[in-house]
Structures are given as C-alpha cells and as structure tokens.
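Please construct the entire structure, taking both the sequences and the accompanying hints into account.
There are 2 protein chains.
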Amino acid sequence: MSNQINSAIYGSAPTTRRDFLAKAMAVGGSGLLLASMKAWGMDIASTQSAPPLLSGSGKGKTVLILGAGIGGMTAAYELSKLGYTCKVIEARKFAGGRCQTARTGTVLEELGGEKQVCNFDKGQYINFGPWRIPFNHRSTLHYTSEFEVPLELFNNDNDASYVYHENAPGPLAGKRLRQYEVKADMRGYVDELLAKTLKSGMMDQQVTTKDKALLLDYLSNEGYLSKKDLSYRGTNGRGYKVNPGAGMTPGAGVASDPLAFGDLLQSKLGHIYHSVHEFIQQATMLQPIGGMDQIAKAFEKRVGKTIRYNTEVMSLRNLADKVEVQVKDLASGKASVITADFCLCTIPLSVLRHVDTDFSEKFKTAIQGAAYAPVGKIGLQMKRRFWEQDDGIYGGHVLTDIKGINLISLPSSNWQGKKGTLLGYYNFEAAAAEVSALSQLERVEFALSAGEKIFPGQYRSSFETAFSVAWHRVKYNLGGWAHWSDEGRANAYPVLFEGEGRTLLAGEHMSHLTGWQAGAIESAWQQIARIHQRLSA
Amino acid sequence: MSNQINSAIYGSAPTTRRDFLAKAMAVGGSGLLLASMKAWGMDIASTQSAPPLLSGSGKGKTVLILGAGIGGMTAAYELSKLGYTCKVIEARKFAGGRCQTARTGTVLEELGGEKQVCNFDKGQYINFGPWRIPFNHRSTLHYTSEFEVPLELFNNDNDASYVYHENAPGPLAGKRLRQYEVKADMRGYVDELLAKTLKSGMMDQQVTTKDKALLLDYLSNEGYLSKKDLSYRGTNGRGYKVNPGAGMTPGAGVASDPLAFGDLLQSKLGHIYHSVHEFIQQATMLQPIGGMDQIAKAFEKRVGKTIRYNTEVMSLRNLADKVEVQVKDLASGKASVITADFCLCTIPLSVLRHVDTDFSEKFKTAIQGAAYAPVGKIGLQMKRRFWEQDDGIYGGHVLTDIKGINLISLPSSNWQGKKGTLLGYYNFEAAAAEVSALSQLERVEFALSAGEKIFPGQYRSSFETAFSVAWHRVKYNLGGWAHWSDEGRANAYPVLFEGEGRTLLAGEHMSHLTGWQAGAIESAWQQIARIHQRLSA
Numbered sequence: 285m286s287n288q289i290n291s292a293i294y295g296s297a298p299t300t301r302r303d304f305l306a307k308a309m310a311v312g313g314s315g316l317l318l319a320s321m322k323a324w325g326m327d328i329a330s331t332q333s334a335p336p337l338l339s340g341s342g343k344g345k346t347v348l349i350l351g352a353g354i355g356g357m358t359a360a361y362e363l364s365k366l367g368y369t370c371k372v373i374e375a376r377k378f379a380g381g382r383c384q385t386a387r388t389g390t391v392l393e394e395l396g397g398e399k400q401v402c403n404f405d406k407g408q409y410i411n412f413g414p415w416r417i418p419f420n421h422r423s424t425l426h427y428t429s430e431f432e433v434p435l436e437l438f439n440n441d442n443d444a445s446y447v448y449h450e451n452a453p454g455p456l457a458g459k460r461l462r463q464y465e466v467k468a469d470m471r472g473y474v475d476e477l478l479a480k481t482l483k484s485g486m487m488d489q490q491v492t493t494k495d496k497a498l499l500l501d502y503l504s505n506e507g508y509l510s511k512k513d514l515s516y517r518g519t520n521g522r523g524y525k526v527n528p529g530a531g532m533t534p535g536a537g538v539a540s541d542p543l544a545f546g547d548l549l550q551s552k553l554g555h556i557y558h559s560v561h562e563f564i565q566q567a568t569m570l571q572p573i574g575g576m577d578q579i580a581k582a583f584e585k586r587v588g589k590t591i592r593y594n595t596e597v598m599s600l601r602n603l604a605d606k607v608e609v610q611v612k613d614l615a616s617g618k619a620s621v622i623t624a625d626f627c628l629c630t631i632p633l634s635v636l637r638h639v640d641t642d643f644s645e646k647f648k649t650a651i652q653g654a655a656y657a658p659v660g661k662i663g664l665q666m667k668r669r670f671w672e673q674d675d676g677i678y679g680g681h682v683l684t685d686i687k688g689i690n691l692i693s694l695p696s697s698n699w700q701g702k703k704g705t706l707l708g709y710y711n712f713e714a715a716a717a718e719v720s721a722l723s724q725l726e727r728v729e730f731a732l733s734a735g736e737k738i739f740p741g742q743y744r745s746s747f748e749t750a751f752s753v754a755w756h757r758v759k760y761n762l763g764g765w766a767h768w769s770d771e772g773r774a775n776a777y778p779v780l781f782e783g784e785g786r787t788l789l790a791g792e793h794m795s796h797l798t799g800w801q802a803g804a805i806e807s808a809w810q811q812i813a814r815i816h817q818r819l820s821a
Numbered sequence: 285m286s287n288q289i290n291s292a293i294y295g296s297a298p299t300t301r302r303d304f305l306a307k308a309m310a311v312g313g314s315g316l317l318l319a320s321m322k323a324w325g326m327d328i329a330s331t332q333s334a335p336p337l338l339s340g341s342g343k344g345k346t347v348l349i350l351g352a353g354i355g356g357m358t359a360a361y362e363l364s365k366l367g368y369t370c371k372v373i374e375a376r377k378f379a380g381g382r383c384q385t386a387r388t389g390t391v392l393e394e395l396g397g398e399k400q401v402c403n404f405d406k407g408q409y410i411n412f413g414p415w416r417i418p419f420n421h422r423s424t425l426h427y428t429s430e431f432e433v434p435l436e437l438f439n440n441d442n443d444a445s446y447v448y449h450e451n452a453p454g455p456l457a458g459k460r461l462r463q464y465e466v467k468a469d470m471r472g473y474v475d476e477l478l479a480k481t482l483k484s485g486m487m488d489q490q491v492t493t494k495d496k497a498l499l500l501d502y503l504s505n506e507g508y509l510s511k512k513d514l515s516y517r518g519t520n521g522r523g524y525k526v527n528p529g530a531g532m533t534p535g536a537g538v539a540s541d542p543l544a545f546g547d548l549l550q551s552k553l554g555h556i557y558h559s560v561h562e563f564i565q566q567a568t569m570l571q572p573i574g575g576m577d578q579i580a581k582a583f584e585k586r587v588g589k590t591i592r593y594n595t596e597v598m599s600l601r602n603l604a605d606k607v608e609v610q611v612k613d614l615a616s617g618k619a620s621v622i623t624a625d626f627c628l629c630t631i632p633l634s635v636l637r638h639v640d641t642d643f644s645e646k647f648k649t650a651i652q653g654a655a656y657a658p659v660g661k662i663g664l665q666m667k668r669r670f671w672e673q674d675d676g677i678y679g680g681h682v683l684t685d686i687k688g689i690n691l692i693s694l695p696s697s698n699w700q701g702k703k704g705t706l707l708g709y710y711n712f713e714a715a716a717a718e719v720s721a722l723s724q725l726e727r728v729e730f731a732l733s734a735g736e737k738i739f740p741g742q743y744r745s746s747f748e749t750a751f752s753v754a755w756h757r758v759k760y761n762l763g764g765w766a767h768w769s770d771e772g773r774a775n776a777y778p779v780l781f782e783g784e785g786r787t788l789l790a791g792e793h794m795s796h797l798t799g800w801q802a803g804a805i806e807s808a809w810q811q812i813a814r815i816h817q818r819l820s821a
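For the protein sequence lines, the chains are A and B, in the order given. Counting in this note's numbering, the first sequence runs from 285 upward without gaps. Counting in this note's numbering, the second sequence runs from 285 upward without gaps.
Please note that the accuracy of each hint is not assured.
[As the list claims (entries may be wrong)] Below, computed lysine-lysine pairings styled on DSSO-like, alpha-carbon distance capped at 27 Å:
1. B:Lys496 / A:Lys483
2. B:Lys585 / A:Lys703
3. B:Lys511 / A:Lys480
4. A:Lys585 / B:Lys703
5. B:Lys702 / A:Lys585
6. A:Lys585 / A:Lys377
7. A:Lys459 / B:Lys496
8. B:Lys552 / A:Lys496
9. B:Lys552 / A:Lys494
10. B:Lys480 / A:Lys480
11. B:Lys512 / A:Lys552
12. B:Lys496 / A:Lys480
13. B:Lys483 / A:Lys483
14. B:Lys494 / A:Lys459
15. A:Lys365 / B:Lys702
16. B:Lys552 / A:Lys483
17. A:Lys511 / B:Lys480
18. B:Lys494 / A:Lys552
19. A:Lys496 / B:Lys480
20. A:Lys496 / B:Lys496
21. A:Lys494 / B:Lys480
22. A:Lys511 / B:Lys552
23. B:Lys496 / A:Lys552
24. B:Lys494 / A:Lys480
25. A:Lys702 / B:Lys585
26. A:Lys702 / B:Lys365
27. B:Lys483 / A:Lys480
28. B:Lys511 / A:Lys552
29. B:Lys483 / A:Lys494
30. A:Lys483 / B:Lys494
Rather than coming from a laboratory, the hints here were simulated on the basis of the structure.
Structural data, given as structure tokens:
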C-alpha cells in the first residue's frame with residue numbers, strides 16, 4: 285500500500301487495524317479495502333478478529349436464520365446492520381443455544397429424563413454449556429467488547445490445586461498432591477538427569493562445549509538444581525512443610541521433601557502437564573461476570589425482535605429463487621410457511637439429520653458425517669467454599685482419574701463468598717453416556733462420592749443442591765459439539781461448507797473450533813459474507 | 285484429644301479448625317485451646333492463617349501503636365477486640381502505610397522531589413505499593429474475607445505476554461516473542477535431547493529398561509515430541525501462523541515454526557521461567573477490586589477512631605511501668621506526651637533509626653541491621669488498551685532486559701475497558717536509584733521510550749498521564765521494604781524480635797515475608813500475643 289493512500293486514510297492517528305480498514309472502505313471503496321487486507325495477509329474468508337467488512341446493502345432482502353444460538357444471532361446482528369430483513373427461528377423459548385447458565389429457576393428436561401428445576405441460591409450459577417473464553421478467541425472477545433459484557437478472569441491453570449489419581453501405578457495411588465509438587469519434582473529430576481549426563485562428558489559428541497555450558501546453566505535454573513552437584517532436592521515452589529512467616533517461628537519456614545523420582549515416573553502423574561498448554565487451553569482465559577449467558581443475552585437484546593421463539597423447523601425446501609421453510613408454533617401447534625431469499629441454517633447436524641429437507645443425497649450423507657460428543661456436567665452448590673477456606677485453592681481444576689469425573693472445577697467468581705458452586709464432573713464419550721444413564725439423584729451421589737475422596741469431611745457435608753446436564757440427551761442439541769474424524773473433515777465437511785441451493789450452514793460444527801463459541805461466530809461471519817456476495821450478484 | 289472433649293465441643297458440626305478452636309476455648313478455656321493447637325501441631329507463635337486466639341481481657345490497659353500501616357492497624361483491630369485501649373500514631377493524614385493506590389487526586393511528594401498530583405481518569409488507578417496477594421498469604425486473605433473486601437484474580441503468569449531482551453546474545457536480540465514460544469521450544473528441544481540420548485542406549489547404565497520406557501513416554505508427552513522419531517518440530521501451544529477458525533480458510537490454521545535451539549540457548553531466554561514459579565510468585569494471585577488500598581480502608585473503617593493522624597513520633601522512652609512517647613501534631617506544631625502500658629512500634633527501621641529513643645546500644649545497632657530496598661514504579665494511563673485490542677494480551681507481565689524497566693505489567697481489571705493503566709516499570713536497587721534521580725517528566729519519557737520498543741506505534745501514542753513513585757525517597761518509608769542479609773538475619777533480627785522494655789516491633793521487616801502485607805499482619809499477630817501475655821502476667 286502506498287504512503288499516499290496511507291496518509292489519505294489516516295489524517296488523525298488510526299486506532300486499530302480494523303478502524304483503518306473501515307476508513308479504507310470509506311475512502312476507496314471495497315477495492316481499496318480488499319487491497320489493504322491482502323497487503324496484510326488478511327482475507328474476508330479468514331476473518332477471525334472482527335466481522336467481515338461488507339459494502340453495499342441488504343435492503344429489501346430477507347435471510348431466514350434457523351437457530352438463535354450464538355452463530356444464528358451473530359448472523360442476524362451483522363446482517364441486520366447491513367439492511368437485511370432477518371427472520372430467526374428458535375425452537376426454545378429463549379435464545380443462546382448451548383450458551384446457557386443454570387441459576388435459580390432454570391428448567392432442563394433431558395430426553396427420557398426427569399425434569400430439573402434449578403434451585404441454587406440467588407447469585408449462584410453454573411455455566412453448563414460453554415464456560416471459558418481463551419484469550420485467542422478474538423471473535424468472541426469482539427462481541428464482549430462491542431456489547432460491553434463485563435468480563436473477569438477464568439482460572440484455567442492453578443498449580444496449587446490438587447491432583448488425585450486413585451489408579452496411579454505405585455505408591456502415589458490415591459495420594460492427594462498439589463499440582464506444583466508434581467511439576468517441580470518431575471521437572472527437577474529430569475533436569476538433574478540431563479544435567480548430570482551432560483556433565484559426565486557422555487554427550488560430548490552431540491553437544492559442543494559452548495552449548496554444554498549454556499545447557500547446564502539453563503537446566504540448573506529451570507529445575508532449581510544445586511549449583512554444587514546439579515542435584516534436585518526440592519524447591520520452595522513445591523510448597524513448604526511450614527510456610528515462612530513472621531518472627532523466629534515460623535520465620536523462614538520449613539522446606540518440604542520432594543517425592544521420589546521413581547514413584548513419580550511409575551505413577552505417570554507427569555502427564556497432567558506439558559511444556560505449555562495447548563493453544564486453546566492456554567491462560568489467559570476469561571468469563572463474563574455473572575454467567576456465560578450474559579453473552580447470549582447481549583445478543584438477544586439486539587436481535588430479539590427478529591426471533592420467533594418456541595417454533596420448530598419442520599421442513600426446508602430450496603427453490604429456484606427462494607427458500608421455503610415450514611415451521612410449527614409449539615404453543616398452538618399451528619404450522620406455517622416462511623419464505624426468504626436465503627437461509628442460514630445453524631441447527632446442529634445431530635438435529636438437522638431429522639429435519640425433512642430436499643437436500644441432495646450427497647449433502648444428506650455429509651450431514652451424517654460428524655459424530656456428536658456425549659458430554660456431561662454437574663454443578664454442585666456448596667454452603668461453604670472449603671476449597672478456599674481450608675485448602676487455599678482459588679479456582680482452577682482438581683484433576684482426577686476417577687472414571688466419569690475427569691475434573692472438579694472450582695469457581696472463578698465471587699471469591700471468598702459465603703457459598704460457591706463448583707463443577708462436580710466434566711465427562712465425555714463413554715463415561716458421559718454411562719453417567720447420564722443415572723437418575724439426577726444418582727448423578728449427585730456419584731459426584732459426591734468422588735469429591736469426598738479428594739476433600740474428605742468437607743465435600744459431602746457442604747453440599748446443598750445440584751444441577752446436571754447430559755448434552756447428548758438435550759433436545760435440539762443431541763450432543764455437546766460436533767466431533768469430526770479425519771475422514772469426515774476430508775469428505776463431509778467441505779460438502780457441507782458449500783451449502784446447497786439457497787442454504788448455507790453455520791455453527792461450531794462448521795469450524796475447526798468445535799465446541800467453542802468462537803467457532804459459531806466465525807462460521808457465521810464467513811457464511812454471511814458469502815450470502816451477501818450471492819445476493820449482491 | 286479425647287473423643288469426649290471432641291463431642292463436648294462439637295454438638296453441631298464444626299465448620300473450620302478455627303471455629304473448633306474458638307469452641308474449645310469457650311468450653312475448656314485457654315488450657316484446652318493450647319492442648320488442641322498442640323495436638324494439631326499449631327502454636328500461637330506460628331499462627332499464619334488467623335489471629336491468635338487469646339483468652340482474658342485487656343480492659344483498662346492501653347497499648348500505643350506507632351504507625352497506622354497494615355501491621356499497626358492489625359494490632360489495633362485485634363487488641364481492641366480483646367478490650368485494650370489502643371492509641372495509634374500516624375504521621376500521614378491517612379492510614380495504610382505502603383498500602384496505597386494512586387487515583388485522581390492522590391498527592392505524593394518525594395524527598396527533594398516535585399509534588400505529584402495524580403490526574404488519572406475516574407476509575408483508573410495504580411497500586412504503587414503492594415499490588416498482588418498470593419493464594420498462600422492466608423493472613424491477608426483472612427482479612428479480605430472478614431472485612432468482605434471484594435477480590436478479583438491478578439494475572440501473574442500470562443504465557444501470551446511478550447518477552448523482549450534487547451541484549452540477548454545472538455539473533456534473538458531485540459526480537460519480541462511470546463513467552464509461550466520460548467517455553468514450548470526450549471522445553472521441547474531439551475525433552476528431545478534427553479529422549480534421543482535415552483533412546484540411543486547411551487544411558488542404559490544409569491536408567492533401567494522400565495524407567496527408560498516411562499521416561500520416553502513422559503518426555504514425548506511433556507514436549508510434544510514426534511511419536512515417530514522423538515523430534516520436536518513445534519506445537520500449537522507456541523501459537524499459530526494463522527489461527528484455526530471456521531470453514532475451509534483458515535480451517536485448521538497454519539502451524540508456526542519453532543525457533544532454532546541454538547539461538548534460544550545462546551539468548552538465555554530460557555531463564556525467564558522455571559519448572560514452577562517460586563512459592564510467593566505462584567498463581568493463583570488475587571487483588572482487591574478497585575485498588576489494594578481497599579484493604580487499608582477496610583481496616584481504617586474499623587480502627588480509624590483510635591488513630592491520631594498527621595502526628596509524628598519525636599521520642600520514645602521505656603520506663604519501668606509504662607512507655608512514654610512524645611509526639612508532634614504536624615498541623616499545629618504542638619508537642620505532647622502519650623503514655624501507655626505497652627508500645628508496638630511498626631515504624632520502618634529505615635525511619636526508626638532517626639527517632640530519639642532510649643533503646644540500648646545493642647538494640648540501636650540492630651535497628652541499623654537491615655538495608656531498605658530502593659524500589660520504583662510508574663503507572664501510565666493509556667487511552668486505549670492496545671495490548672488487549674491489538675495483541676490479545678489480557679494482563680500479566682511483559683518481561684524485558686531494558687535496564688530500569690524490568691517488566692511492564694498489564695492491568696488485571698476492567699477488561700476491555702476504554703482506557704487502562706499499566707505499570708510501566710518496576711525497578712529495584714541500583715536501577716531504581718538511577719531512575720528515581722530523574723524528574724517526573726524524565727521518568728515518563730524513560731518509560732515511554734522503553735515501551736515503544738516493545739509496542740511500536742502503540743505505546744507512546746496511547747499515553748495520557750503518569751504517576752510514579754520511588755519508595756526510597758518517600759518520607760516515613762525510605763525504602764520499599766526491609767532487605768535482610770544472612771548476617772542481619774542471624775544477628776540483628778533476633779534482637780529486634782525480642783523488643784526492649786515495654787516496646788515490641790512489628791511490620792513486614794519483622795518477618796520472612798518482607799515486602800508483603802502478610803509479613804506485617806503475621807508479625808502483628810505474633811507480637812500482640814506476646815504483649816497480651818506480658819500484660820496478663
């Protein structure tokens with residue numbers, strides 16, 4: 285891009301790249317916009333941080349959006365801004381899709397299950413759908429910023445939290461450890477092993493003298509090795525026997541003893557961590573204050589008028605110049621037909637399978653191409669935040685190998701409050717299927733029995749009330765998220781991405797961020813750009 | 285402890301160990317209390333989580349407390365509860381000591397320096413004294429809980445934040461990297477090196493066949509090594525070239541390339557992290573919402589009536605049956621004498637040195653035994669949170685080797701707000717002394733020049749207004765915190781701990797948690813137990 289264009293656009297100092305692009309479009313139209321984006325290696329199709337910048341208008345054109353989840357509402361919000369008439373069809377009486385938060389009064393009826401009415405205290409809640417926003421999900425954060433949804437940190441990585449593996453091989457089985465003990469010791473011993481091997485000269489063929497010195501320096505520092513003999517003998521980062529404090533006693537405190545290297549190795553507890561977290565699980569993470577559904581509500585506030593609630597999609601027909609969708613009002617049972625210039629379908633594939641459509645066989649087969657993950661969660665309201673008061677654990681996850689539990693996650697809000705609601709399990713696949721076969725009461729008992737092993741004398745006695753979900757048993761979802769096999773990604777996914785006739789698909793299932801709100805948002809952004817292109821042609 | 289006593293005390297289920305102790309005291313007096321504490325390995329002198337449980341009453345006795353910092357107010361609060369008459373002398377017009385937060389209107393005059401009046405926008409602030417609470421500082425957290433000071437997480441460890449070493453040896457000099465790049469690559473390569481050495485059989489003398497298999501498994505998992513050849517070739521946790529997203533483009537995203545092992549080693553950037561953080565720096569950390577001084581204000585609300593503000597201590601005399609302190613009202617200039625049964629002096633040693641006392645020569649020499657740390661901080665109000673908007677960094681520290689900067693810390697509050705106030709430097713010792721010699725304007729320029737290297741085009745243009753402190757130049761502090769040499773700890777510290785006559789010392793300097801509020805609180809807890817013992821005898 286020439287400096288001339290640059291200065292024509294700038295004038296006053298631009299604030300963000302996006303502002304710059306908006307100005308580029310104002311000054312030079314979509315041609316300059318696209319040139320600018322290409323110069324930066326951006327492309328409308330890869331927009332991830334902000335909705336596509338679309339020129340022209342959607343005035344007089346109608347887009348029918350199936351599903352008022354985060355994806356559907358994203359499309360409705362952005363298309364409405366462009367002038368499109370949006371009609372959103374939502375089977376539930378509320379918007380948000382999986383972006384739900386259970387608090388007092390929340391009702392959930394699983395297929396073939398009991399009806400649950402949440403009776404948490406006021407202020408207590410559990411995000412039983414999405415519950416955390418990675419710092420790198422710029423799309424989700426775009427809307428929390430635009431809609432001014434207040435955020436707080438979500439503690440996804442608390443080294444002070446426990447790990448409890450009852451089936452760990454060796455003497456660490458059933459031992460409750462702090463995660464920092466495992467990290468410090470495992471890394472310390474491994475650093476010691478490599479350092480001593482280097483020092484011995486055994487690797488002098490592989491490593492230059494200069495690199496050897498640098499490596500020894502690195503390893504000593506990384507693993508808190510003794511300067512004298514390169515041994516690891518523990519470090520304060522694994523906790524103290526007696527914490528340092530005031531005066532002479534405790535004074536400097538009393539150091540703790542490291543676990544035995546052999547025991548640690550045998551236990552395989554080192555697998556609880558990696559060099560760094562995977563990108564998607566990495567700190568820093570955030571959450572809306574008061575519950576994840578604050579995002580859904582913020583969308584709903586803006587596009588609620590376009591939503592027909594309590595209305596089920598019965599059939600979908602792609603006609604030559606329009607799309608025709610038959611819907612049923614669930615209150616009255618009355619069917620009606622809605623037509624539109626285009627349709628964006630955000631219905632989960634697990635549900636879309638059962639809708640009467642005139643898609644081609646190829647497309648219908650592709651819809652079958654993704655598995656939907658059985659996923660279960662349970663929120664347990666505790667009358668006392670014993671994990672903070674007694675154990676000094678402020679948020680994060682307790683890791684366990686207890687089958688069907690996976691983790692116990694401690695709330696990242698209302699610190700030191702009177703009560704707290706923790707996540708009692710987060711299970712997947714076979715374990716989720718198994719646990720979901722239990723009655724609500726049995727699920728609670730299952731969660732309490734497990735938690736009691738890790739927090740004996742605290743867990744069960746603090747419990748007050750629960751709320752659980754098995755997403756694979758929730759109507760209109762039938763699974764936590766789309767799970768694509770390599771084969772499905774290669775064959776079915778591209779077919780679905782192309783859409784058919786006047787229908788395109790969007791949602792987390794149409795992304796590589798399955799199970800995340802960002803997948804739904806970015807997918808919607810992509811597809812509305814394509815709809816706009818089609819309808820502008 | 286017998287079950288009989290147990291059941292006598294319990295009745296209804298006890299909630300915490302502390303509740304149990306309180307009941308023990310109610311039922312069996314201090315004898316049972318002490319027996320119970322000993323049974324649990326606790327001791328009044330080592331109380332760290334809660335104030336000492338003291339029996340009896342302080343009615344009719346007066347304790348004079350010098351200094352209304354966190355330590356002094358802790359003592360006043362707890363002693364008043366016991367019935368003591370507390371008189372607190374404070375030189376400043378406000379309480380809190382170093383626990384201060386700069387916001388609009390805050391005035392700071394350094395010795396020999398200009399007068400600063402903070403003109404941050406409403407809602408913007410910088411904690412220029414203590415700024416974070418480790419999860420293991422149970423004493424500080426005891427009061428945030430008791431006083432219901434709302435807390436939020438403080439992001440002390442953000443792998444997504446930058447590291448920028450302009451003096452790093454080799455090609456990484458002056459390269460801005462994400463901390464997760466350094467961690468993932470450095471650990472990945474080191475894991476690879478050890479794994480391949482193990483695999484080669486070179487270490488078969490040192491490591492058993494079984495341990496070798498376990499180690500290879502651990503290393504592959506820890507460092508994301510290739511299952512095929514144990515090589516490290518990068519991992520998504522070090523970030524992508526193009527993040528994964530929706531549809532076909534970006535779809536799965538584009539992986540990033542690891543840095544070269546040799547370059548990393550040479551740069552010594554691996555020193556930015558350890559196996560685990562030191563205990564005191566470990567996640568999880570917290571901060572009061574709205575500024576650290578919320579803790580000071582919560583204390584002040586409860587003990588403010590006992591404080592004589594704007595009053596300087598002129599002299600201290602230990603008499604046979606009382607302590608006599610001459611003070612000067614700074615408004616009127618009028619001197620007066622206060623007597624009390626006992627004195628708790630929380631004045632920093634750096635200041636106490638200059639007070640006229642009748643301490644023995646030995647005690648006076650001990651007072652000289654601690655060095656006080658030069659420490660500087662600067663808060664920079666930015667009109668735009670570019671680190672969030674442009675760089676996706678939500679809190680944490682930017683690490684740099686730029687002399688006198690040390691770190692740039694990004695705020696852990698008001699996420700996605702319009703403006704933000706970051707910590708522009710945090711310097712110590714010689715560097716702090718050097719920077720503090722600059723004028724306020726020069727300090728700002730120094731901080732901006734450094735920040736601009738790391739956030740080019742963003743830092744300087746976003747800057748609005750600053751507030752800086754050099755604690756060694758602040759009257760009534762003369763340093764950030766006490767720094768004890770090994771010799772000082774061995775010789776001077778025990779002398780000071782014993783006190784002299786009817787005077788005991790408290791404060792962060794009388795702890796092994798120097799520079800932390802917990803040190804002041806726990807020190808106060810210890811010394812009031814001793815005062816109570818002395819006055820009850």
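Against the earlier hints, flag every one the structure doesn't satisfy and list their numbers going up.
-> none
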